[in-house]
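Take the sequences, apply the hints, and build the full model.
These protein sequence lines map, in sequence, to chains A and B. Note that the working numbering has the first sequence beginning at 216, numbered continuously upward. Note that the working numbering has the second sequence beginning at 216, numbered continuously upward.
One thing to keep in mind: the hints can contain errors.
Given that identical chains are not distinguished, each listed pair holds provided it fits within a single copy or across any two copies.
What the hints assert, rightly or not - Result set (DSS-like, lysine-lysine): computed pairs, CA atoms no more than 27 Å apart in a straight line:
#1 K353 <-> K372
#2 K372 <-> K302
#3 K278 <-> K353
#4 K345 <-> K372
#5 K248 <-> K341
#6 K218 <-> K372
#7 K260 <-> K372
Read the hints as simulated data drawn from the structure, not as lab findings. Nothing here was measured: the structure is a model prediction, and the numbers come from that model.
Number of protein chains: 2
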Amino acid sequence: MEKLIDFLLEFGHLNQQQIDLIKRKASPLVLEKGTYFSEAGKIPKRVAFIQTGILRVCYYNSKGDEITKYFIEENNFAVDINSYTQKIPSSEYVQAVTDCTLLVFSKESFDELFNTIIAWEGIINKITEKALIEKLNKLSPMLAEDASTRYLTFLEKFPGLANRIPLSYLASYLGITQSSLSRIRRNI
Amino acid sequence: MEKLIDFLLEFGHLNQQQIDLIKRKASPLVLEKGTYFSEAGKIPKRVAFIQTGILRVCYYNSKGDEITKYFIEENNFAVDINSYTQKIPSSEYVQAVTDCTLLVFSKESFDELFNTIIAWEGIINKITEKALIEKLNKLSPMLAEDASTRYLTFLEKFPGLANRIPLSYLASYLGITQSSLSRIRRNI
DNA sequence: GGTGCTATTTGCCATATGACAAATGAAATG
DNA sequence: CATTTCATTTGTCATATGGCAAATAGCACC
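Set out below in structure tokens:
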């Protein structure tokens, strides 16, 4: 659990008693590659800290294509933020892209931490804000780049991941077809 | 100032005394079309609430192209969030796209509100989170759409704006060249 | 009204990417 | 080992978009 605690401490102070409480509220969960952590149509009731592995958030657009909205890396919280916050059924999936080991908080546990630990809300807000800004900063330049550049940038940002995940995940994240991505790979 | 107060009250409770304090800390500012609210290279020291008008956040990419990252509409806070939060010199500009009337808070005033009004931090965090999620939700689908679809979506999301702003702002937001946008317009 | 200056449109051509289908490869199952 | 199923690559062709340059339009200023 030390990864989680270290991560939290980057964003605010916690005393030993608070740290112990947080540890007691977290349950380990192994999520196999391909399985879902939360699903469209349901109201998400859990938050996860990713110890190892990678998740992705995806959805189906109006044409029926599956779109990978973003990947979530190790040492981050994974949550379907659109619907967790608003308590509405989700339109997105959160799925394990590789085998993952998570620390899971139930919504009740998480809420209890809000009520018990003064600094908790501030820490979580900082983490949330930082994660959203990062996603925005990754996504924004992609619109102005061609497909090869987007792929090369992905290789830098997620080293080692490209060859471990289905082509379709990556292609839909980059906004290109599988065939195009396959060709781009060949020519690089 | 009522627009500002109404907006804040959507996200939390404030008593009359707090509302008066907030009003005293806000200064009106008229920003003419084209002028900058904050600039790359500087550390932003102000936050603005947009009463009327539209701003945009833009930057120059490695190729030297000017990229419009997103537009900020009326009834929202405008801030260079990347560098305001982290207190580092910005790499982005915040610019008036139309004539704007703003309510401006200095960093000191804003910090004072954090220290004086218990609910302030929660309200601002909710506003920030919501704004970031919205931007992400707008941007993400664009990668999978062709240029015409992106333009049509823009017309829906920002009715009346397309014809009032330079072609270059819009083209760089949509991730296409000015020529292409011009042609798309003709064909629709 | 004439003169610049900038923004936008248009033309021409090259090329990246999409659509679709077929071929190949890889992995699971009996 | 054969069979099935799914993922990836490849081929062919159509088309959207970019790059570049020229033409036009719009606008400020004298």
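These are the hints, each one checked on the structure:
1. K353 <-> K372: both (9 Å within a copy, 22 Å between copies)
2. K372 <-> K302: Answer is between; shortest inter-copy Cα gap is 24 Å, intra-copy 32 Å.
3. K278 <-> K353: both (24 Å within a copy, 17 Å between copies)
4. K345 <-> K372: Cα proximity of K345 and K372: in one copy and across copies (16 Å, 26 Å).
5. K248 <-> K341: neither (29 Å within a copy, 33 Å between copies)
6. K218 <-> K372: within (21 Å within a copy, 41 Å between copies)
7. K260 <-> K372: neither (30 Å within a copy, 31 Å between copies)
Checked against the numbered hints given earlier, the structure breaks hints 5 and 7 and satisfies all the rest.
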